[in-house]
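Student: The whole structure should be built from the sequences, with the hints applied where relevant.
Residue numbers (the working numbering): 91 to 151.
Hints are all accurate, no fakes.
Capping the alpha-carbon separation at 27 Å, the derived lysine-lysine pairs in DSSO-like fashion look like this:
1) K139 x K149
2) K139 x K122
3) K139 x K150
Please keep in mind that the hints were generated in silico from the structure rather than gathered at the bench.
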Amino acid sequence: MDINELRGIHTLLVMAAFFGIVWWAYSAHRKKANDEAAHLPFDDDEVEKRTLEQEKTEKKQ
91 MDINELRGIH TLLVMAAFFG IVWWAYSAHR KKANDEAAHL PFDDDEVEKR
141 TLEQEKTEKK Q
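Tutor: So this is what it looks like as structure tokens:
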């Protein structure tokens, strides 16, 4: 077994790992988590609004 065969085996293993990760990331049971992650930038706005409202109520008291 020379170095080129090891390189070929390594390439196949890395490619299999890559396809495994892609399959896992886009599988149906990850849909909810992916949807939640997609909405994270918009959730910050809601948190910021609540924080500003809390600060306003604290200043009034």
